[in-house]
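Asker: Sequence:
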Amino acid sequence: IPSCWRCGAFVGSITEQVGVLAGLTTIVEVASGTWSTTQEWCLPKVEGIEDDPTPLPCASGCGVVYCSDDCRIRDFKEGHRLLCMAQVQNENHGLYQFKMLAFSKGLYDELNLALKVWA
Numbered sequence: 003i004p005s006c007w008r009c010g011a012f013v014g015s016i017t018e019q020v021g022v023l024a025g026l027t028t029i030v031e032v033a034s035g036t037w038s039t040t041q042e043w044c045l046p047k048v049e050g051i052e053d054d055p056t057p058l059p060c061a062s063g064c065g066v067v068y069c070s071d072d073c074r075i076r077d078f079k080e081g082h083r084l085l086c087m088a089q090v091q092n093e094n095h096g097l098y099q100f101k102m103l104a105f106s107k108g109l110y111d112e113l114n115l116a117l118k119v120w121a
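Heads up: the sequence shown runs through residues 3 to 121, numbered per this note's numbering.
Treat the hints as calculated values from the structure; they're not laboratory data.
Note that the structure is predicted; figures quoted are calculated from it, not measured.
All C-beta atoms, glycine included, are put in the ideal place defined by N, C-alpha and C.
A couple of the hints might just be wrong.
[Claimed, not checked] Cut-off 16 Å, straight-line C-alpha distance, at most; resulting in silico cross-link-like pairs (EDC-like, lysine to aspartate or glutamate):
no., residue 1, residue 2
1, K118, E80
2, K101, E112
3, K101, D111
[To be verified] Label pairs and their in silico Cβ distance ranges:
no., residue 1, residue 2, range
4, S62, G96, 13 to 21 Å
5, Q91, A61, 25 to 33 Å
6, Q91, V20, 19 to 27 Å
7, A11, E31, 18 to 26 Å
8, G63, L26, 16 to 24 Å
9, E80, L26, 31 to 39 Å
10, D72, K107, 17 to 25 Å
11, S62, A11, 15 to 23 Å
12, T56, R76, 14 to 22 Å
13, V20, G96, 34 to 42 Å
Using the sequences provided together with the hints, build the complete structure.
Answerer: If you want it as structure tokens, here you go:
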């Protein structure tokens, strides 16, 4: 489910979140606005339930999303500038290999915490 890389808040509409879970789209497509939520299966709006904030992508284009400009700016200052995958040029880079190993083992939250401590 799309969530803020810094604070963990859910981002995007319920339809977008379900689309990511169902494998119909990716977080990057949702954040960039390239995935259309006008699909026939879209979930109906429920009165009184607001969508979560529109996801804001990392300015460098690494695929990380944030819930607000504040989270994006604060995370950049807290270490994302050192850990952004947009700076990695090939798959042999140590940062790339470390992140892919963590993702393949389902250690997304642990990876985020470890990288923040390291930065």
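Asker: Indicate, hint by hint, whether the structure satisfies it.
Answerer: Each hint, compared with the structure:
A threshold of 16 Å between alpha carbons decides the hint, and for K118 with E80 the separation of about 7 Å falls inside it, so the pair holds. Simply put, K101 and E112 have alpha-carbon atoms about 11 Å apart, close enough for the 16 Å limit, and the pair holds. The hinted pair formed by K101 and D111 meets the criterion: a straight-line CA distance of about 11 Å does not exceed 16 Å. For the hinted restraint 13 to 21 Å between S62 and G96, the CB-CB distance of approximately 18 Å keeps it satisfied.
With their beta carbons about 18 Å apart, Q91 and A61 fall outside the hinted range of 25 to 33 Å. About 35 Å separates the C-beta atoms of Q91 and V20, a value inconsistent with the hinted range of 19 to 27 Å. Between A11 and E31 the C-beta distance comes to about 19 Å, which sits within the given range of 18 to 26 Å. The given range of 16 to 24 Å is respected by G63 and L26, whose C-beta atoms sit roughly 22 Å from each other.
For the pair E80 and L26, the supplied restraint of 31 to 39 Å holds, since their beta-carbon distance comes to about 32 Å. Checked against the hint of 17 to 25 Å, the C-beta distance between D72 and K107 comes to roughly 31 Å, which is inconsistent with it. Taken as a hint, the range 15 to 23 Å holds for the pair S62 and A11, whose Cβ atoms sit roughly 21 Å apart. In this structure, T56 and R76 meet the distance hint of 14 to 22 Å, their C-beta atoms being roughly 18 Å apart.
Taken as a hint, the range 34 to 42 Å holds for the pair V20 and G96, whose Cβ atoms sit roughly 35 Å apart.
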